[in-house]
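In terms of UniProt numbering, the numbers along the sequence shown are unbroken and rise by one, the last being 161.
Since the hints were derived computationally from the structure, they do not count as laboratory data.
A few of these clues could be false.
What the hints assert, rightly or not - DEER-style ranges, computed between Cβ atoms:
| hint | residue 1 | residue 2 | range |
| --- | --- | --- | --- |
| 1 | Ile114 | Ala157 | 33 to 39 Å |
| 2 | His142 | Asp57 | 37 to 43 Å |
| 3 | Asp148 | Gly16 | 31 to 37 Å |
| 4 | Ala158 | Ile114 | 22 to 28 Å |
| 5 | Pro95 | Ala124 | 16 to 22 Å |
| 6 | Ala76 | Ala20 | 15 to 21 Å |
| 7 | Gln84 | Ile114 | 28 to 34 Å |
| 8 | Trp97 | Asp19 | 19 to 25 Å |
Yeah, the Cβ is synthetic: ideal placement off N, Cα and C, and Gly gets one too.
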Amino acid sequence: MPCPARAYLALGSNLGDRDALLDGAIARLDAHPDIAVVERSSRHETPALLPEGAPPDWDIPYLNQVISIDTTCAPAVLLAATQQIEADLGRRAAPRWAPRYIDIDILAYGDRVIQAPGIEIPHAGVPSRLFVLAPWAEIAPHWRHPIDGRTVAELLAARST
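Using the sequences plus the hints, can you model the full thing?
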C-alpha cells in the first residue's frame, strides 16, 4: 500500500443549504476508503468571484472551507472522487463562475507540481485568493508553495496588504 499524501482541498457552496452541502461533501470524502479527513478550517462567507459582465443573479455569497486529508489516491483518482461527490451533491455542468451547490478544488497534494489536461496542482488560484488562503492558514499556515516558495501565512499576508 502506498504511503498517504497530505492534500488540501477547498470547498465552497453558494446555492441551497450551504452548511449541509459542505458537511455532506466532507462526510463523503471521509467515507472514501482511501481518504481520511484530518483537519477542517472554520467556514468563511465571502462574495462570489465573478467575471466582468456576469449576470446579477450570480452574485450570491459563498461559504468556503479548507480541509486537509491524508490519501493514498493518486492525484487524478482524487480529482475523479471529488468530481463524483460534486455530482452526487447536485453540481451540474454550468458556465465557469456560475453559482453552484458544491465546488471542491484540490489546492495541493504534498509538495507535488502537476500540470496536465484537467488537473493543475497546486491550484493556480492559490496565491491570489483570499477566500482560500484565510481558511487554509487556520489549519496549515506553514505549508510551502512548491513553485513560489512562500508559506500559506506569507501568501495570506501578501494578499491582505
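Each hint, compared with the structure:
no.: 1; hint: Ile114 with Ala157: 33 to 39 Å; verdict: violated, 26 Å
no.: 2; hint: His142 with Asp57: 37 to 43 Å; verdict: holds, 40 Å
no.: 3; hint: Asp148 with Gly16: 31 to 37 Å; verdict: holds, 35 Å
no.: 4; hint: Ala158 with Ile114: 22 to 28 Å; verdict: holds, 24 Å
no.: 5; hint: Pro95 with Ala124: 16 to 22 Å; verdict: holds, 19 Å
no.: 6; hint: Ala76 with Ala20: 15 to 21 Å; verdict: violated, 29 Å
no.: 7; hint: Gln84 with Ile114: 28 to 34 Å; verdict: violated, 19 Å
no.: 8; hint: Trp97 with Asp19: 19 to 25 Å; verdict: holds, 22 Å
Violation of the numbered hints given earlier is confined to hints 1, 6, 7; the remaining hints are satisfied by the structure.
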